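For reference, each letter of the sequence shown is one residue, going 0 to 79 in numbering that gives the first Met the number 0.
Since the hints were derived computationally from the structure, they do not count as laboratory data.
There could be a bad hint or two in this list.
Unchecked claim - Label pairs and their calculated CB-CB ranges:
id	residue 1	residue 2	range
1	74	42	17 to 25 Å
2	50	79	49 to 57 Å
3	32	61	21 to 29 Å
4	2	31	13 to 21 Å
5	25	79	22 to 30 Å
6	43	66	15 to 23 Å
7	11	40	46 to 54 Å
8	64	18	17 to 25 Å
In this text, all values refer to a predicted model and were calculated from it rather than measured experimentally.
Yeah, the Cβ is synthetic: ideal placement off N, Cα and C, and Gly gets one too.
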Amino acid sequence: MERIFPPLSQGYMILPGAPNPPPLVNLVSEIGIYGVLICTPNKIMVNKQTGHMIRSKASTSNEGGVLAGAGALDCPYLLD
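Produce the complete structure using the sequences and hints provided.
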């Protein structure tokens with residue numbers, strides 16, 4: 000399996016113990032899409048997307064993410 004290198008974006012991470020104001024850093028983000036499926040072997044009753052979550056961390060971080068203290072929850076920045 001090859002490592003995927005996502006595009007970088009710049010942003011501010013507000014974390015406990017971080018400097019105030021936070022520095023502008025390069026971030027990598029990932030989105031998780033949540034869904035629900037209710038079915039029997041012969042019939043699908045519900046199959047829909049139910050939510051999303053975006054996590055971001057510094058591009059230099061090799062740590063896991065939000066629970067490890069290296070990342071933060073994020074929100075989308077939409078472009079036209």
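Now the hints, each set against the structure:
1. The hint said 17 to 25 Å for the Cβ distance between residue 74 and residue 42, and at roughly 37 Å that hint is violated.
2. Evaluation of the 49 to 57 Å hint for residue 50 and residue 79 yields a failure: the beta carbon distance comes to about 24 Å.
3. The hinted window of 21 to 29 Å between residue 32 and residue 61 holds, with their beta carbons roughly 25 Å apart.
4. Judged by the Cβ atoms, the range 13 to 21 Å given for residue 2 and residue 31 holds: they are separated by roughly 19 Å.
5. A hinted range of 22 to 30 Å for the beta carbons of residue 25 and residue 79 is consistent with their spacing of about 23 Å.
6. A C-beta distance of roughly 33 Å is found between residue 43 and residue 66, which places it outside the suggested range of 15 to 23 Å.
7. Residue 11 and residue 40 have their C-beta atoms about 49 Å apart, which keeps the hinted 46 to 54 Å range intact.
8. Remark: the range hint 17 to 25 Å for residue 64 to residue 18 is upheld by a beta-carbon distance near 21 Å.
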